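S.K.: Those sequence lines, one after another, are chains A and B.
Numbering (this note's numbering) for the first sequence: 1 to 144.
Numbering (this note's numbering) for the second sequence: 1001 to 1222.
One or more hints might be untrue.
[Unchecked claim] Across the chosen pairs, the derived CB separations fall in these ranges:
id : chain 1 : residue 1 : chain 2 : residue 2 : range
1  : A       : L68       : B       : Q1155     : 48 to 54 Å
2  : B       : R1063     : A       : M129      : 28 to 34 Å
3  : B       : M1133     : A       : K53       : 38 to 44 Å
4  : B       : R1104     : A       : G70       : 50 to 56 Å
5  : B       : N1115     : A       : Q27       : 50 to 56 Å
6  : B       : E1068     : A       : L68       : 39 to 45 Å
7  : B       : L1220     : A       : R39       : 40 to 46 Å
Source of the hints: derived by calculation from the structure; they are not laboratory data.
As the structure is a computational prediction, the values presented were derived from the model and not from experiment.
Each residue gets a CB set at the ideal place from its N, CA and C atoms; glycine is no exception.
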Amino acid sequence: MDNFEPVIVAFCCHYCAYTAADMAGSQRLSYPPNVKVIRVPCSGKVDAMHVVKAFEKGADGVYVAGCLEGDCHFKNGNTKAARMVAYVRRYMDEIGIEPDRLEMVTMSAGMGYRFAQVATEITEKIRRMGPSPIHAAIETGKAA
Amino acid sequence: MITAERKPLEELIEYIRPYRRILLVGCNECVTVCAAGGRKEVGLLASGLQMALLKAGASIEVREHTLERQCDPEYVEELVPMLDGVDAVMSMACGCGVQEVARRFKNKPVYPALNTKFMGASERQGVWAERCMGCGNCLLGETGGICPIARCAKQLMNGPCGGSTNGHCEIGDDVDCAWALIWERLKELGQQDRYVEIAPAKDWRAGKGAGPRKIIREDLAE
Chain A
1 MDNFEPVIVA
11 FCCHYCAYTA
21 ADMAGSQRLS
31 YPPNVKVIRV
41 PCSGKVDAMH
51 VVKAFEKGAD
61 GVYVAGCLEG
71 DCHFKNGNTK
81 AARMVAYVRR
91 YMDEIGIEPD
101 RLEMVTMSAG
111 MGYRFAQVAT
121 EITEKIRRMG
131 PSPIHAAIET
141 GKAA
Chain B
1001 MITAERKPLE
1011 ELIEYIRPYR
1021 RILLVGCNEC
1031 VTVCAAGGRK
1041 EVGLLASGLQ
1051 MALLKAGASI
1061 EVREHTLERQ
1071 CDPEYVEELV
1081 PMLDGVDAVM
1091 SMACGCGVQE
1101 VARRFKNKPV
1111 YPALNTKFMG
1121 ASERQGVWAE
1131 RCMGCGNCLL
1141 GETGGICPIA
1151 RCAKQLMNGP
1161 CGGSTNGHCE
1171 IGDDVDCAWA
1181 LIWERLKELG
1191 QQDRYVEIAP
1201 AKDWRAGKGA
1211 GPRKIIREDL
1221 AE
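Between the sequences and the hints, there should be enough to build the whole structure, so can you do that?
M.R.: In structure tokens:
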């Protein structure tokens, strides 16, 4: 796959990461267009099924962005999300997808710079890893 | 409830490798509560199986369905219209559900996706522990509501044994000594006299000792 542009899905909590993305925009900070943001009411609302489906549909990387530790608007949704991410990473290993393609990150609503930085870093990391084996298999299937 | 855990994906893939289309069937009862084989787990496993096979250059169609209860023939009947063109069935129910599906559909191979574990209770969110072994002759009334059959590693009728230390069983510090729990509970209830009584040897025929069991309610049986 030449000129590989990774598809990255970011599940962003409405109270922090999504607002931080807004902040990044108003600060005119740019981040890679590879990142597709999905706003969720709380990172704890993101289910293992949402993450697994993203990979099944061909995402090369997924991250869940929640509030800083102790700052969840709903008390502990972010810690639940972190446990869900750890669980799905183990499942990905069973399936044969590198677990490092999935990450949990935290930030506050004011961290526009961090949002852009995380988006850039994860995009670069996934770019170096190459397409996910599922994405590659989907492309091969289309070509055949 | 009956508790279960999903088998390793590798084992499940070996089961389904020869097939083109399978039906993955969950159960809305016990295995949903212990997060092993409900609708959500069916979805997760279907995705996982499809991705693992796609990665290996193969493909499989996984149909998903979750029954209200897989251990009753009335519900299993619902699967009839879904089986057209399906090569095999994979059940995410406990062993009872798997067998009920296998009994109904004699010409379809049926595979278990779960390892059925035990009859247990939820200690806290995400933690289940064994509580009952279905011995057929409940003695919880004598033991302060704590079962020495399911919760004592040796199934002692008169305990504890010498392996009990500070309330823990010798098999592991994370295992409570059932007889220590029983003693504490009887003390709280002021029923220490029950502890002093020597329980006779248990008649295991009421349990699995006399082979597979059956309950027949004459008033209900047709």
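S.K.: Now tell me, hint by hint, if it's right for this structure.
M.R.: Hint check results:
1. A/L68 / B/Q1155: 48 to 54 Å: 50 Å, holds
2. B/R1063 / A/M129: 28 to 34 Å: Given a distance of about 33 Å, which is inside 28 to 34 Å, the answer is holds.
3. B/M1133 / A/K53: 38 to 44 Å: Check passed, 39 Å falls within 38 to 44 Å.
4. B/R1104 / A/G70: 50 to 56 Å: 52 Å Cβ-Cβ, so the 50 to 56 Å window holds.
5. B/N1115 / A/Q27: 50 to 56 Å: Holds - the Cβ-Cβ distance for B/N1115 and A/Q27, about 53 Å, lies within 50 to 56 Å.
6. B/E1068 / A/L68: 39 to 45 Å: Between B/E1068 and A/L68, where Cβ atoms are some 43 Å apart, the hint holds.
7. B/L1220 / A/R39: 40 to 46 Å: At roughly 53 Å between Cβ atoms, A/R39 and B/L1220 fall outside 40 to 46 Å, so the hint is violated.
Hint 7 from the list above is the single one not met by this structure.
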